[in-house]
Amino acid sequence: MAEKLRIMIVDDEMIVRESFLHWFEKDGHSVATAASGFEALEKIEKFPYDILFVDIKMPGMDGIELLEKVKTGYPDTIVVIITAYGSIESSVKAMKAGASDYLLKPFKPEQLSLVLEKINQQKKLTSEYNYLKGCLEKITRFDNIIGQAESMEEIFKLIPEVAKSDSSILLTGETGTGKELVAKAIHAKSSRAHFPFIAINCGAVPDSLLESELFGHQKGAFTGATRSSKGFLEVVSGGTLFLDEIGEISAKMQVDLLRVLEEKKITRLGSRDPIDVDFRLISATRQNLEAAIADGSFREDFFYRINVIQIPIPPLRARKEDIPLLIDHFLKKYSQEMSKRVDRISPETMQLLRQYSWPGNVRELENAIERAVVLSGSRTLGATDFAFLKPSSAPVAESQTLRDMEIFQILKVLDENDWNITRSSAILGINRVTLHKKIKRLGLEKAPPVV
Amino acid sequence: MPQKKKPIGVVAIGDVAAVFLKVIAAHISGYLNLDAEILPSVAHPHFALNENRFQYDCGVILKTIDSESFDGYEKVIGVLAVDLFVPIFTHVFGEARQGGKMALVSTYRLQNNLKGASVPDSLVYERTAKVALHELGHLFNLMHCDDDKCLMHFSGNLEELDETPLFFCRYCTAYFRDALQRQ
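So the sequence lines, in the order shown, correspond to chains A and B.
Note that my numbering has the first sequence beginning at 1, numbered continuously upward.
Note that my numbering has the second sequence beginning at 1, numbered continuously upward.
Hints should not be assumed to be uniformly reliable.
Said to hold, decoys possible - Using 25 Å as the maximum straight-line C-alpha spacing, the simulated DSS-like pairs for lysine-lysine come out as follows: (1) Lys105(A) with Lys115(B); (2) Lys105(A) with Lys63(B); (3) Lys26(A) with Lys101(B); (4) Lys149(B) with Lys4(A).
Calculated directly from the structure, the hints in this document are not laboratory data.
Between the sequences and the hints, there should be enough to build the whole structure, so can you do that?
Here it is as structure tokens:
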């Protein structure tokens, strides 16, 4: 069923109000009428309306004035202007003042239906937009970055501080540490939050394409440029541009970007006319740019331009206390997403995951949890669910005594070979009898399967 | 449909070919299973002519004729051969107030196709019956229906009217039955 709307008809002619009223009643809408702009404002103050049909020519407050007042006080209310005195000027004025549509009296019955259909569509799109905006805000919310480690607390303090300024920021850290999340959080906290956030992975785009992607091009600028296109530097206008893997861009692109940052102007490929641009740059790299400068592959002047504020993001192995927190978060996320009740992790497995070095950082952890949740047959994740991490996740002896190290090494090989003594002894370089003796002497047992 | 004691009246307002009245009465009986009677015609509604538009104002006709006595009838369908309008619209094929006593049907715009060429009489009668039954639905408080395969779906032009079927969807049928019981 189409949505039933709350409609108000504002017209000084009673006959028109009645015509509308009878008509909309047939559609089942809730309809009120007002004979003047003042009466309409009084009514709208007491009760919210979805749509106002407003006559442009009324004594006292005219339709345009009412439209302006409604759009100021109740921006979500849709206003359709109706008039018997149609003119281009008045329609342009009404549309500029925020009217959603314009009807010239008398109109064909189907025109009114089309206007209502259009408004319903518009309302649907607006609510979808608001919903998605809410989702986006949730994603880019500051508290979406998880961490209690001291190093992360420092970053949390830094984000709102740096968000206030427009200075270029360089985020450094290994892959998967959450550089883009930090960039999004800075954007969300900044005055540019209502403008676009565009992220480009420079390492993933060939240099020639990157130039066209960033600067845009005019029609005919190169073979295949069949129409003019805006570049990201134009599209991002007012917002934040996040250039990931900035260390990967060519020397030429460094020069081009340096000029943009200094002049705040770009020139599309194939054009000579400069266009003003306004954006905040956040760059990220996993490389050591100082070393790249030293070997000449990165321009020093460009580095200083992008490195006004540097925020190093610590690798996950340097903040192991955050691992349980992150695991908990990802378990909730993926069990919800997959509608699968997998919300526990055995203590041994938690220990295993804490000890793993996580070279891919939070991203690797997230992927590992996702994979485990997908494949797990039980509510609790056990060590077997993370078997794919085994090569580097075998327990490392907590103490460095020779005995402990021997226990861990033997257990590791046995586990990897499903306790096959012949195979394990061959790998360990001892004979089967010696391995049996060691298992007995050290009290080693095959771990029971995790439930 | 349950039978009602009071029949539906079908009345010509001004000069209208008798066949239109017969078609409407037959459809009311045949499709809605209600008794329908053709009443003596009433005078041409000169009083409702809008001289600027050369059309007849539905509101004025309903206000004037509705007050006349049709006591013995549950609802009344007034049929006209003149062009009808309501102030906001360029024209209407018919008009009725929700839950009112009388509806109007005009045959004026039903005689041609969208390009102005005349159409077979059978199609004109079918269109007239559709408009009459649709407006009668409003008299029984039925609202416009979103289902385009329902007689209560709003038809803005002849093309849409021709695509509209002569019967209610199952929801409108249920509402109609309910409205009859509550009368």
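Evaluated hints:
no.	hint	in the structure
1	Lys105(A) with Lys115(B)	holds (23 Å)
2	Lys105(A) with Lys63(B)	holds (23 Å)
3	Lys26(A) with Lys101(B)	holds (15 Å)
4	Lys149(B) with Lys4(A)	holds (20 Å)
Violated hints are absent here; each numbered hint is respected by the structure.
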